[in-house]
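Participant: Sequence:
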Amino acid sequence: MALRKVLLEGDSTLRKKSREVSDFDQRTQELIDDMFETMRAEDGLGLAAPQVGVLKRIFVMEAVEENEATAFINPVLIDEKGEQTGAEGCLSLPGLYGVVSRPEEIRVRAQDIKGDEFERTYSGLEARCVCHEIDHLYGILYRDKAKGGLHSLDEEADEGPAGETAVEKRVSAKAVD
Numbered sequence: 067m068a069l070r071k072v073l074l075e076g077d078s079t080l081r082k083k084s085r086e087v088s089d090f091d092q093r094t095q096e097l098i099d100d101m102f103e104t105m106r107a108e109d110g111l112g113l114a115a116p117q118v119g120v121l122k123r124i125f126v127m128e129a130v131e132e133n134e135a136t137a138f139i140n141p142v143l144i145d146e147k148g149e150q151t152g153a154e155g156c157l158s159l160p161g162l163y164g165v166v167s168r169p170e171e172i173r174v175r176a177q178d179i180k181g182d183e184f185e186r187t188y189s190g191l192e193a194r195c196v197c198h199e200i201d202h203l204y205g206i207l208y209r210d211k212a213k214g215g216l217h218s219l220d221e222e223a224d225e226g227p228a229g230e231t232a233v234e235k236r237v238s239a240k241a242v243d
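Taking our numbering, the leading residue of the sequence shown gets 67, the next gets one more, and so forth.
Do not rely on the hints blindly, as some may be mistaken.
Within a straight-line C-alpha distance of at most 27 Å, the following computed DSS-like cross-link-like pairs (lysine-lysine) qualify [to be verified]:
{"no.": "1", "residue 1": "K83", "residue 2": "K213"}
{"no.": "2", "residue 1": "K211", "residue 2": "K83"}
{"no.": "3", "residue 1": "K147", "residue 2": "K83"}
{"no.": "4", "residue 1": "K180", "residue 2": "K122"}
{"no.": "5", "residue 1": "K82", "residue 2": "K211"}
{"no.": "6", "residue 1": "K83", "residue 2": "K122"}
In short, the hints are calculated from the structure, not lab data.
Produce the entire structure from the sequences given, and follow the hints as far as they go.
Facilitator: Here it is in structure tokens:
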């Protein structure tokens, strides 16, 4: 395993659409292993392949509730319910957060490293993370959806947009990627 460089906003790769994965081989497994290692080293909960310069429909996530590490290959949202609004951050936009609305609950279909399909339902923070990572696969950054623009995590205010406290905005901003 190896740490990969996380691309920062301004790199054109982050705005490109990713290609479907058809080879479930050792190279794909190595990419996924590297993505998990990079995500953890950067203190993120999710990381999409375009963020490490690879235009493949892959993202990894460490679920908060069960502490379950999952790789999603060729993910598709198949259902969504409700709405939640809260702070998001991104490893590709370090030190910033924005207030974004996402579904409260989602159902995602993806493939594992063997190419076998699976479906999972997520709510709350995990649903937010899955949506955020899938956006990356289409070249969409959370900046594009943030209400009221982006804000610095270093702001000293006790309460930020949408009424979240400084602690809440740091936790939820870290939560995505």
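Participant: Now tell me if each hint is right for this structure.
Facilitator: Right, here's what the structure says about each hint:
no. : hint         : result
1   : K83 to K213  : 23 Å, holds
2   : K211 to K83  : 17 Å, holds
3   : K147 to K83  : 25 Å, holds
4   : K180 to K122 : 16 Å, holds
5   : K82 to K211  : 17 Å, holds
6   : K83 to K122  : 9 Å, holds
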